[in-house]
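Since the structure of chain D is provided, determine the placement of chain G on it from the hints.
From first to last, the protein sequence lines are chains D and G.
If you're matching positions, the first sequence starts at 31 in our numbering and goes up one per residue.
If you're matching positions, the second sequence starts at 322 in our numbering and goes up one per residue.
Please keep in mind that the hints were generated in silico from the structure rather than gathered at the bench.
All of these numbers come straight from a predicted model, not from anything done at the bench.
Note that the Cβ used here is the ideal one computed from N, Cα and C, for glycine as well.
A couple of the hints might just be wrong.
For each label pair, taking beta carbons as the anchor points, the in silico distance ranges come out as [unchecked claim]:
1. Gly932/G to Tyr51/D: 15 to 23 Å
2. Val950/G to Arg57/D: 27 to 35 Å
3. Arg121/D to Val950/G: 39 to 47 Å
4. Val940/G to Ala98/D: 22 to 30 Å
5. Met924/G to Phe94/D: 45 to 53 Å
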Amino acid sequence: MEIKMEYYLVISTIMLFAGIYGFITRRNLLAVLISVELMLNSVDINFVVFNRFLFPGEMEGFFFALFAIGVSAAETAVAIAIIINIYRNIRDIQVRHLDRMKH
Amino acid sequence: MEYTLLILLLPLATFLFLGLVGMKLSERTAGIVGTLSLGLAAVLSYVAAWQFFSAPRVEGIHPPVVAWNFEWLRFTDQLHIDLGILLDPISVMMLVVITTVSLMVHLYSFGYMKGERGFQRYYAFLSLFSFSMLGLVVATNIFQTYIFWELVGVSSYLLIGFYYTKPEAVAASKKAFIVTRFADLGFLIGILLLSYFAGTFSFETLTSGNASVFAGAAGRTFLGCSVMSWATALIFMGCAGKSAMFPLHIWLPDAMEGPTPVSALIHAATMVVAGVYLVARLFPLYYFETPEVLVFIAVVGAVTSLYAAVVACVQTDIKRVLAFSTISQIGFMMVALGVSGMEGHDGLGYMASMFHLFTHAMFKALLFLGAGAIIHAVHSNEMSRMGGLRKKMPVTHITFLIACLAISGIPPFSGFFSKDEILAAAFAFSPWMGWTMSVIAGITAFYMFRLYYNIFWAVPAEQEHEPHEAPGSMTVPLVILAAITCVAGFIPFGHFVSATGAVLPIHIDWRVAGLSVLIACLAIALATCFYRKGTNSLPDRLEATFPRLHRAAYRRFYIDEAYLFVTRRIIFGGICSGLAWFDRHVIDGAMNGLAWLTGRASMAIRGLQSGQVQQYAYVFLLGTLVLTVWLILM
Numbered sequence: 031m032e033i034k035m036e037y038y039l040v041i042s043t044i045m046l047f048a049g050i051y052g053f054i055t056r057r058n059l060l061a062v063l064i065s066v067e068l069m070l071n072s073v074d075i076n077f078v079v080f081n082r083f084l085f086p087g088e089m090e091g092f093f094f095a096l097f098a099i100g101v102s103a104a105e106t107a108v109a110i111a112i113i114i115n116i117y118r119n120i121r122d123i124q125v126r127h128l129d130r131m132k133h
Numbered sequence: 322m323e324y325t326l327l328i329l330l331l332p333l334a335t336f337l338f339l340g341l342v343g344m345k346l347s348e349r350t351a352g353i354v355g356t357l358s359l360g361l362a363a364v365l366s367y368v369a370a371w372q373f374f375s376a377p378r379v380e381g382i383h384p385p386v387v388a389w390n391f392e393w394l395r396f397t398d399q400l401h402i403d404l405g406i407l408l409d410p411i412s413v414m415m416l417v418v419i420t421t422v423s424l425m426v427h428l429y430s431f432g433y434m435k436g437e438r439g440f441q442r443y444y445a446f447l448s449l450f451s452f453s454m455l456g457l458v459v460a461t462n463i464f465q466t467y468i469f470w471e472l473v474g475v476s477s478y479l480l481i482g483f484y485y486t487k488p489e490a491v492a493a494s495k496k497a498f499i500v501t502r503f504a505d506l507g508f509l510i511g512i513l514l515l516s517y518f519a520g521t522f523s524f525e526t527l528t529s530g531n532a533s534v535f536a537g538a539a540g541r542t543f544l545g546c547s548v549m550s551w552a553t554a555l556i557f558m559g560c561a562g563k564s565a566m567f568p569l570h571i572w573l574p575d576a577m578e579g580p581t582p583v584s585a586l587i588h589a590a591t592m593v594v595a596g597v598y599l600v601a602r603l604f605p606l607y608y609f610e611t612p613e614v615l616v617f618i619a620v621v622g623a624v625t626s627l628y629a630a631v632v633a634c635v636q637t638d639i640k641r642v643l644a645f646s647t648i649s650q651i652g653f654m655m656v657a658l659g660v661s662g663m664e665g666h667d668g669l670g671y672m673a674s675m676f677h678l679f680t681h682a683m684f685k686a687l688l689f690l691g692a693g694a695i696i697h698a699v700h701s702n703e704m705s706r707m708g709g710l711r712k713k714m715p716v717t718h719i720t721f722l723i724a725c726l727a728i729s730g731i732p733p734f735s736g737f738f739s740k741d742e743i744l745a746a747a748f749a750f751s752p753w754m755g756w757t758m759s760v761i762a763g764i765t766a767f768y769m770f771r772l773y774y775n776i777f778w779a780v781p782a783e784q785e786h787e788p789h790e791a792p793g794s795m796t797v798p799l800v801i802l803a804a805i806t807c808v809a810g811f812i813p814f815g816h817f818v819s820a821t822g823a824v825l826p827i828h829i830d831w832r833v834a835g836l837s838v839l840i841a842c843l844a845i846a847l848a849t850c851f852y853r854k855g856t857n858s859l860p861d862r863l864e865a866t867f868p869r870l871h872r873a874a875y876r877r878f879y880i881d882e883a884y885l886f887v888t889r890r891i892i893f894g895g896i897c898s899g900l901a902w903f904d905r906h907v908i909d910g911a912m913n914g915l916a917w918l919t920g921r922a923s924m925a926i927r928g929l930q931s932g933q934v935q936q937y938a939y940v941f942l943l944g945t946l947v948l949t950v951w952l953i954l955m
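This is chain D alone, in the form it adopts within the complex (with noise of 0.2 Å):
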């Protein structure tokens, strides 16, 4: 059976709505990072696909995943630098506690 480019895309979809979900609900900062990882994942599935599927035999998408994936490695590595530092100076970190920037 032929795999069509709508099944990825359902599935990206799916992936980034899941992302979305987790973001705003989790309550734990680890747990809206990893969500936040799902969306990003879910936006290179969609490079891939689009440049498999519709420009065959060119490589900008392939390229622009591998780059955004190499983007969030670097970003996940300050956000857990940032969560670990949140967690040496207030012992928690739990998203609705952290509501000191407000002011």
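Chain G in isolation, oriented as in the chain D frame:
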């Protein structure tokens, strides 16, 4: 004659030097530095005068010399402000007067200001004043005059307020500055009008007597007077402010709060005649373009002179008497300019005015310095605290008497010659003017001798300390000035200064001279009878007979009160308080209302910033959804 630049630069350098490092010097050094530099400037002025007047005449006149000129600010090709040194008969004469009197005052201040706090500062300010005044008289253009005009105003302000811990001195300095500044507003507008139509600031063009210079102003009128009349009248307003003409004279009597040598230098001999000098400088302009303003000047001068003479008769503070006498004498000079013509013997008034300026500077400085010596001895300005000083202060007494005789117009002292020329010019103008000025000359003699007798004769007042003669540094200037007063009248002044520059021989008109001497002698006799013994009750009885007149004259005819009424009640109380209310309630209210509204709006929506990141994300998502739906439906 480039060295004349040094006459200006020496006092300026001294001011900077004493102003910057004066406090590190001893009083003596500071005084010597100031006096020496001024002495050098005086010597240079005499050399310049000698060189200028000994140069051969060209077509019967001493040609004006521009010793130095420098373009300072250029607006257009024709209109530029220069700074320069113009030497012509009147400016050279003024250089001599200013440096001489200033040198005398420098010397005198050694004794008078000894031990005062701020002695160095005092000498620094004296140098600043000398610099400004010298710059004013040698100006090549009217804008340079204006610059130095303001500078003398500042130095006068600084020196009147020298005793800055005394509230009266502070108030007097402010009053002098504000009143003269107000007059200078008119002066500036006049300069702008004049230069707008003439296209130049230069005196050479403005006073050339060439009507085509002002062709642009022909036919233009404002409120029924021609624009040229407005311009020259407004310039005269500046002169009236500086020279204390009625009704802008109110600052001068109060300016006596300053140290007495300052009064002698600034408020008797030099700065207050700046107005007369400027009218003389612009005389051809007044004469050829706006003769009606010249008549106005004569009338203002006569009114001022009469007013001040009457007020001087009842003042009890000796410096105030001298201040009003100064105002009155400057009125004489203005009258002389106002009635003057140009050519030949018609130009007598111009010459007489400058001659009187010269002699008056000397004897009035002498009077003030003498008054300073008296105040130094009895520690009071009030006549009632003096009396019988002639034996205790012989030098002061003799020199003061010489000055009194000079100002009263008794021959052979200098005042007789100059005042006689003024009276002759006034009679030639109209008999009314001549008789008025003769009567004022009589009143002058009366109040001067009232002053003289009350100080040196009359009943001696009780003194805490026995009065003694002033130290040598104070009496030497008195003697020098008295000597000048004795001989200055014999200077053939018409050979040096006249309206056209040509020689104007002085003939004493014995009808006028005899009349004025007769009036002066009568007035002196009256004063002798009233005040010599100090026991004659006639003055008191007269005072009791006309209490309101006496009171009004003593309060200077309520001119100060009128000013206070206009400024405080009408301008501050009426107009300004309304404006202040508008500012406070409408303008500030609008601004405060805006701030209040912003504050309230912020309070209302502050709950939106909860700090909950996930809530923000939720709102963001909703927004995105709404946008997406909207885009799809479009």
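Evaluation of the provided hints:
| no. | hint | result |
| --- | --- | --- |
| 1 | Gly932/G to Tyr51/D: 15 to 23 Å | 22 Å, holds |
| 2 | Val950/G to Arg57/D: 27 to 35 Å | 29 Å, holds |
| 3 | Arg121/D to Val950/G: 39 to 47 Å | 43 Å, holds |
| 4 | Val940/G to Ala98/D: 22 to 30 Å | 26 Å, holds |
| 5 | Met924/G to Phe94/D: 45 to 53 Å | 46 Å, holds |
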